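All chains, please: the whole structure from these sequences, using the hints.
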Amino acid sequence: MAKPVTLNVGGTVYTTSLDTLTRFPDSMLAAMFSGKMPTAQDAHGRFFIDRDGKIFRHVLNFLRTSRLDLPAGFGETELLRREADFYQIGPLAEALRGRSGSPWASEGGLGGGFGPGRGNALLHVDTERRALSVHYTVREAPQVYTLVARSLEVFTTNIFCTAPTFFKVLRAHTSSSSSSVKSDRGSAPPRRYHMCLQWASPGDTRGLPAREFSRLGLAKLHSTAGGGPPRPVDSVRALTEEVMQLALRAGFCLDAAFPEPADLLNSTTLRFVRYC
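The letter at position 242 of the sequence shown is residue 242 when you use full-length UniProt numbering, and the numbering goes up by one with no holes.
Just to be clear, a hint being listed does not mean it is correct.
To be verified - Using 30 Å as the maximum straight-line C-alpha spacing, the simulated DSSO-like pairs for lysine-lysine come out as follows: (1) LYS54 <-> LYS36; (2) LYS36 <-> LYS220; (3) LYS168 <-> LYS220; (4) LYS3 <-> LYS54; (5) LYS36 <-> LYS168; (6) LYS3 <-> LYS36.
What the hints assert, rightly or not - So the derived label-pair ranges between C-beta atoms look like this: (7) GLY45 <-> TYR275: 28 to 34 Å; (8) SER17 <-> CYS253: 30 to 36 Å; (9) SER17 <-> ASP255: 38 to 44 Å; (10) GLN143 <-> LEU248: 55 to 61 Å; (11) ASN266 <-> SER66: 37 to 43 Å.
No lab work stands behind these hints, which were simulated from the structure alone.
In this text, all values refer to a predicted model and were calculated from it rather than measured experimentally.
Even for Gly, the Cβ is constructed at its ideal location relative to N, Cα and C.
Here you go:
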């Protein structure tokens, strides 16, 4: 039997299973509990989600049964719609569409086209940095080799977005020197909602042999936004600025920034939401 998972949702405690939370692979809960998004914990070690705890029971029941069973006279349909949008549970949103007053019934579902008002969507960007020690040899002469040791700052950026067209626009505005940019293609079932960038600053890697770039699976990122020659993306700040500009143009609003909201461009985690 699977080990139970305990959640603290807005102060209300729930116990369920990992299979239930990840039932819909494209949902935010599946991303959280499959390691693609960071999770927070309360003082008792329970996974913490800062949302409406009372309404979450209906979300959880839908995850368990794939049925929308609401009590007679249920008066919080609009709130439940917003929670379905936040958690990005497409089948729940679809089930709610049959109820009157849906503000986005005609938008083609969650994660519609790119642009303001083209569908509810969630965008989550998380960047980690780490020091990487690299050792390689340089041929100084036909029979002379020198061992070189360097320390590089390497970044891994995971982007989760329920509007797949956002990735198309992001690729159109950035270029990469290697194939280290992944979007979970080739897996079964395919996931259209995740992109992983593993990159290093061009200045930090100056002089690093091309074979080492390939061996380490690193990329050099460049921005092509605004025309003109490509500009290097050489810091978390530069990448954050690029993503924020594209997100705001796409109709997203910033929902949260970590670890320090006051220092927005140096934030390592950003969450955007879009409501049609």
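Status of each hint after checking the structure:
no.	hint	verdict
1	LYS54 <-> LYS36	holds, 26 Å
2	LYS36 <-> LYS220	holds, 23 Å
3	LYS168 <-> LYS220	holds, 19 Å
4	LYS3 <-> LYS54	holds, 24 Å
5	LYS36 <-> LYS168	holds, 20 Å
6	LYS3 <-> LYS36	holds, 20 Å
7	GLY45 <-> TYR275: 28 to 34 Å	holds, 33 Å
8	SER17 <-> CYS253: 30 to 36 Å	holds, 33 Å
9	SER17 <-> ASP255: 38 to 44 Å	violated, 28 Å
10	GLN143 <-> LEU248: 55 to 61 Å	holds, 58 Å
11	ASN266 <-> SER66: 37 to 43 Å	holds, 42 Å
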